[in-house]
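Novice: If you're matching them up, the sequences are chains A and B in order.
For the first sequence, the numbering used here assigns the number 6 to the initial residue and increments by one for each residue that follows.
For the second sequence, the numbering used here assigns the number 86 to the initial residue and increments by one for each residue that follows.
Derived by calculation from the structure, the hints in this document are not laboratory data.
Cβ coordinates follow ideal geometry from the N, Cα and C atoms, glycine included.
Please note: incorrect hints may appear among the correct ones.
Across the chosen pairs, the derived CB separations fall in these ranges [to be verified]: (1) GLY143/B - ASP138/A: 53 to 59 Å; (2) LEU148/B - ASP94/A: 42 to 48 Å; (3) ASP138/A - ARG161/B: 33 to 39 Å; (4) LYS77/A - ALA133/B: 55 to 61 Å.
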Amino acid sequence: MSCSRWRWLLAPVATLAASVALAAPPAMLNLPDFDALARKATESVNISLDTSLLGLAAGFLDSSNPDDAATKELIAGLKGIYVRSFTFDQDFAYPSAQVDQVRRQLAAPAWQRLVQVSNSRDRTHVDVYVSVDRGVANGLAIIASEPREFTIVNIVGSIDLAKLHRLEGKFGIPKLDLPPEGRDGKDGKSDK
Amino acid sequence: MSENQQNEALQLRLRAALRRVDPGEGFAPGVMARIAAEPARTARPARAGAVAGWLAFGLAASLVLAALLAHEWQARRLEQGREARRQLLEALRVTDEKLNLAYRAVNSQERAASAEHSGA
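For reference, chain B alone in the conformation it holds in the complex (with noise of 0.2 Å):
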């Protein structure tokens, strides 16, 4: 055999294995029933929603902490504040409470002394 005629051969015979072949009505269906039935593609997705929806809760968790205790901390130095004036009010009027009772001790020793010296 010359080496055209075998050059032909072999392409005759590419062309008969290259051909276009229809796959059939079936071939989809069965493509799509396989990705439905693969378990290890869709088992990923669900793991990682998981973490996420944890991280979400975590996080939401933290917030709603953070505000609780911002609100209990507010709440609690409103408090000291009040208490804070009302005890320095209070040292405020004993203050004046105990200067006014020196004053009138002063007053009564000067008119004492004014009344003796006037009587004298």
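Same shape as in the complex, but just chain A (with noise of 0.2 Å):
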């Protein structure tokens, strides 16, 4: 059977699987299934909010409740949340495969790393990405790394930290009271 009888397939078939590249927004995340991490953790969450489903968590919102106007204003702009936050009983008992598959795909020139921090006292490790598409920001990763905790957040869409952040103490959001930025003083220890 010679190739050239199925090369008029060629053209349809890489159509196809642009526009299915194109389908996916640039932002969202190709995360793993994170299996392994899942049957050691003792305590999982696993969260896949797509464009859908935010439309109808969106609905259950009652606008008329300042909280929930709130949290509908903060996900006007959204088009998925992913989260995936495990905890363990022992210390770093998480490999680091499966992460490092995750950080690969933040790379340059479609993400850049807003923050990186590494708290040696705490042993906490602490990532995030926006994702940049012509000067806008349209997703945002956070990858944390804890002694017992590992997390990963892909938000695709452009989401307001400072309106998040008012939604502190709210819904089961904690109240974290930290230090004022910039001024001197006490260690802001969350009161979790």
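The two chains are supplied separately, each in an independent frame; assemble them into the complex guided by the hints.
Specialist: Pasting the structure below:
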């Protein structure tokens, strides 16, 4: 059978592949299933909210309630929220291979690292990335590893972090009482 | 016999044949009894009634089924909506928690750097 016989298929298949690639929002990460982590974890959070589920959730927020209205406003520009979080009963029980698989996707120029912090005392490491398209931030990724907790957050769409911060203390979002920025003082410990 | 005589005789015979005759007292009940005894005339309306009955039953059953399906769909949609809302708030909680973790770490590094700077 000659290969030239199938050559006519190349153009439509290439077009289809391109359209599929375009269909996925650029700031959406391909998150592994983390099955191995989930098996070891004492607590797992696996949340995948695409545009339709976000719309459905927004429909169950009461606009007359100020907190619900603020949340509705916050998620108005979002196309998806994906969270994977695992809590363990031992320190550093999670392998780095799958984490590296995610990190490899967070490469320039599509993604820019906003924050990279390591706290040797708490043994925490947090990376915050933003996806920028033509000067507009259209995605956020957070990779946070702590001794007994590992979390990846991927937000697709534009999110106002100040608005998110204003929701602290509501809906179970913890109120952390952080020290005012640029002011010397006591350490900002969580009161969780 | 002349033609006129023949005509008269014919008229007499016709009058005799078409005279009024009393049907008698048993005529009307007899007719009614025959109507009641006719089986074919009553069978047709009964079959039509049965078909109409089944149609009405089918229609009612369809309406009940449609109402049940609509109720089931609405209940499922309500459950999905509540679950989506719960997941959304949980996702926002985790996101804010991790951003604050980064914020604390940055602040802690800044304070350490400024302390080092002022000490030197």
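Novice: Indicate, hint by hint, whether the structure satisfies it.
Specialist: Each hint, compared with the structure:
At about 57 Å, the beta-carbon gap between GLY143/B and ASP138/A stays in the expected band of 53 to 59 Å. The hint said 42 to 48 Å for the Cβ distance between LEU148/B and ASP94/A, and at roughly 56 Å that hint is violated. Evaluation of the 33 to 39 Å hint for ASP138/A and ARG161/B yields a pass: the beta carbon distance comes to about 37 Å. A hinted range of 55 to 61 Å holds for the C-beta pair LYS77/A and ALA133/B, which are about 59 Å apart.
In this structure, the one hint that does not hold is number 2.
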